[in-house]
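Trainee: The task is simple: from the sequences and hints, build the whole structure.
Protein chains in written order, with our numbering: chain A, 65 to 533; chain B, 119 to 248.
To be clear, the hints were calculated from the coordinates, so they are not data collected in a lab. All C-beta atoms in this analysis are idealised placements derived from N, C-alpha and C, irrespective of residue type, glycine included. Please note that the accuracy of each hint is not assured.
[What the hints assert, rightly or not] A few chain B residues that face chain A, going by a derived Cβ cut-off under 8 Å, partial list only:
#: 1; residue: ARG130
#: 2; residue: GLN132
#: 3; residue: ALA135
#: 4; residue: HIS138
#: 5; residue: GLU142
#: 6; residue: GLU143
#: 7; residue: TRP144
#: 8; residue: ARG150
#: 9; residue: ASN160
#: 10; residue: GLY195
#: 11; residue: VAL212
#: 12; residue: ALA214
#: 13; residue: GLY215
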Amino acid sequence: MRRLGVEHAVLSADAAPGGMFRRYPLFQRLNTWTKPYALAERHTRPYEWYDWNSLVGDEPAHRSTVPEFMDGTSYFPLRAEMAHGLEAFAERTGVQVRYDCRWQATRRDDGGFALETTDGLYQSRVVVFAIGMAEPWKPEIPGIDAVPHYVDTPPVTALAGKRVFLIGKRNSGFEIADALLPWARQIVLGSPRPPIMSVFTSGAGVRAKYLVPYEDYVMGGGVFILDAAIDRIERTADDWRVFTTGQRTGPLEFRVDQVIATTGFATPLADLPALGVATFSQGRLPRQTPYWESSTLPGIYFAGAVTQGAVGIRKHGASGNSAGVAGARHNARVLATHLARTHFGVAIPRPALGANGVIGFVLDEATRAPELWNQQAYLARAVTLDPAAGWVDDGIVPLAAYVDAAGPNAAAVTVELDANGDHHPTVYLRKDGRVSEHALPSDPLLAFEGAKQRAELASLLQDLGPVEN
Amino acid sequence: MAGLALFADLSRPQLAAAAHTFEEEWFSEGQRILRQGFTGSNFYVILEGEAAVKINGETRATLARGEFFGEVSVLLGEAPTADVVALRPLRCMVLAGPETEHFLITYPRVMYRILQAQARRLRTANLWRG
Chain A
65 MRRLGVEHAV LSADAAPGGM FRRYPLFQRL NTWTKPYALA ERHTRPYEWY DWNSLVGDEP
125 AHRSTVPEFM DGTSYFPLRA EMAHGLEAFA ERTGVQVRYD CRWQATRRDD GGFALETTDG
185 LYQSRVVVFA IGMAEPWKPE IPGIDAVPHY VDTPPVTALA GKRVFLIGKR NSGFEIADAL
245 LPWARQIVLG SPRPPIMSVF TSGAGVRAKY LVPYEDYVMG GGVFILDAAI DRIERTADDW
305 RVFTTGQRTG PLEFRVDQVI ATTGFATPLA DLPALGVATF SQGRLPRQTP YWESSTLPGI
365 YFAGAVTQGA VGIRKHGASG NSAGVAGARH NARVLATHLA RTHFGVAIPR PALGANGVIG
425 FVLDEATRAP ELWNQQAYLA RAVTLDPAAG WVDDGIVPLA AYVDAAGPNA AAVTVELDAN
485 GDHHPTVYLR KDGRVSEHAL PSDPLLAFEG AKQRAELASL LQDLGPVEN
Chain B
119 MAGLALFADL SRPQLAAAAH TFEEEWFSEG QRILRQGFTG SNFYVILEGE AAVKINGETR
179 ATLARGEFFG EVSVLLGEAP TADVVALRPL RCMVLAGPET EHFLITYPRV MYRILQAQAR
239 RLRTANLWRG
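Mentor: Dropping the structure here:
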């Protein structure tokens, strides 16, 4: 925002940079990769695709901060390494943050909003809430109130030789199961539906890092994956009892030493719902537009993990990667530009590409742009045929906003998976107000700049205006 | 979900599992859910609100709570031949296209209910043509 010339204040309840990584993940190592040695050079924009954890910047010194602190023992950074990377980013960019400033209340104010904070009153036309999916959440199950949430998991040493029932089969459940493998006597992961593994969905689901408990289950080593509804939980003097009913198992009763609710988190929206911010998913997420604005309270925007509430056009069910830093960091940059243009009248440069440059530019983006790879089928690179300037770069945009908006003749490219799991550059051509979809040929090495792709893209763009292949 | 005819034959544990298989999604008035000619669509069941089925901008049908859409595109592996647009705030359950076949085979009573609904739609279309 500062580089775009928009005055703003950044408020943080924390005392220092680092956010949730000052505390989570509980078992220290992230499940998102940063490859110290990759197909692109460190400190470049293409490298960001191979480094899912560093924040993104305009200058080489602001990029790739996390790998600098990694010790080489894994390509999944430790929590502390991630926190150091964020601290380095804050220091090098000189971003101004008012720490130890807690947001307390919100109200409408003269066409904008007023925030009451521990540091006094802030007034603004627009507010962006980057408050995380940070509030422990439990479903309505009788007896679950007494069950500790993931955030209150006892030390693993206290669970040595114990039987543990984990409610939930998502990443946090598998993270604890993985950590307890050397300690617990028996581990049961129970919830109604089977686990979803990211290796089969190319995105959402339990990360491959946590597959070992699943292998243990398959081989009968003491981990059990139970597909069953949790009916109720009872705490006795000596142990816990968990009552379940599954389609295949029928009713079962488990007697275990510990139950832990790995049931996820909610957004700490405080008074925003009362102000008009509508939510979904049992109140856990605000409803949002493709540009992450509250769909019911204009002027309120979201950033960070909360942006997973905007799912785009959900091709083949995929809803983007906004739950993690890898996707949310790109959303934030797109949002900054959007706010500057739409709320503060900032003219965003639109570099001319030329008839002889547009083909190469679009295919280079499809091959290397971290925004397109981290946010597949969610973020797109748009190029527009301007009557005066010819082909111009219109930057990175949410695909859903592009395909549903009226506008001049243009094209936007994304990276998408097809039904067979192959990646394709996919072009959305807007001509005379109608948008059509065109998948370009895939490539086994994901290099989309070959003669076939160039010829097909040229054929498409020629329908809008002059191009030179 | 338990109150929808589509899932009326499922037992409680089946309902619980099915409920966790779908995602919940909200759409604002005027927002497109299915897009004519775009591949990779999904299967939707309406929980609240109304949606219009539009072909080349012309409204052909209106859908309401308990009705579903996207199944033809998912079953045939082809892009939808119509837009589906929210007429007012619309709350849906959505099942990813690639998961739909497995879901229907797992819950054949749901598949039967879908076939019944499709038969009714076909009958209505035939009457309309006649």
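Trainee: Is the interface hint for B/GLN132 satisfied, with its Cβ closer than 8 Å to some Cβ of chain A?
Mentor: holds (6 Å)
Trainee: Quick check on B/ARG150 please, does its C-beta sit within 8 Å of some C-beta on chain A?
Mentor: holds (6 Å)
Trainee: Is the interface hint satisfied for B/GLY215? The criterion is a beta-carbon contact with chain A at less than 8 Å.
Mentor: It holds, given that the least Cβ distance between B/GLY215 and chain A is near 5 Å, below 8 Å.
Trainee: Given B/ALA214 as an interface hint, is its Cβ closer than 8 Å to any Cβ of chain A?
Mentor: holds (2 Å)
Trainee: Could you check if B/GLU143 really has its C-beta closer than 8 Å to a C-beta on chain A?
Mentor: holds (6 Å)
Trainee: Is the shortest C-beta separation between B/HIS138 and chain A less than 8 Å?
Mentor: holds (4 Å)
Trainee: Using 8 Å as the Cβ threshold, decide whether B/ARG130 counts as touching chain A.
Mentor: Status holds, d = 7 Å.
Trainee: Given B/GLY195 as an interface hint, is the shortest Cβ-Cβ distance to chain A below 8 Å?
Mentor: holds (6 Å)
Trainee: Just to be careful: measuring from the Cβ of B/GLU142 to every Cβ in chain A, is the smallest value less than 8 Å?
Mentor: Because about 5 Å separates B/GLU142 from the closest Cβ in chain A, which is inside the 8 Å limit, the hint holds.
Trainee: So, B/TRP144 near chain A? Judge it on the closest CB pair being under 8 Å.
Mentor: Where the cut-off is 8 Å and the nearest Cβ of chain A is about 5 Å from B/TRP144, the hint holds.
Trainee: Could you check if B/VAL212 really has its C-beta closer than 8 Å to a C-beta on chain A?
Mentor: holds (7 Å)
Trainee: Any CB of chain A closer than 8 Å to the CB of B/ALA135?
Mentor: Interface hint status for B/ALA135: holds (4 Å vs cutoff 8 Å).
Consistency note: the structure conflicts with none of the earlier hints.
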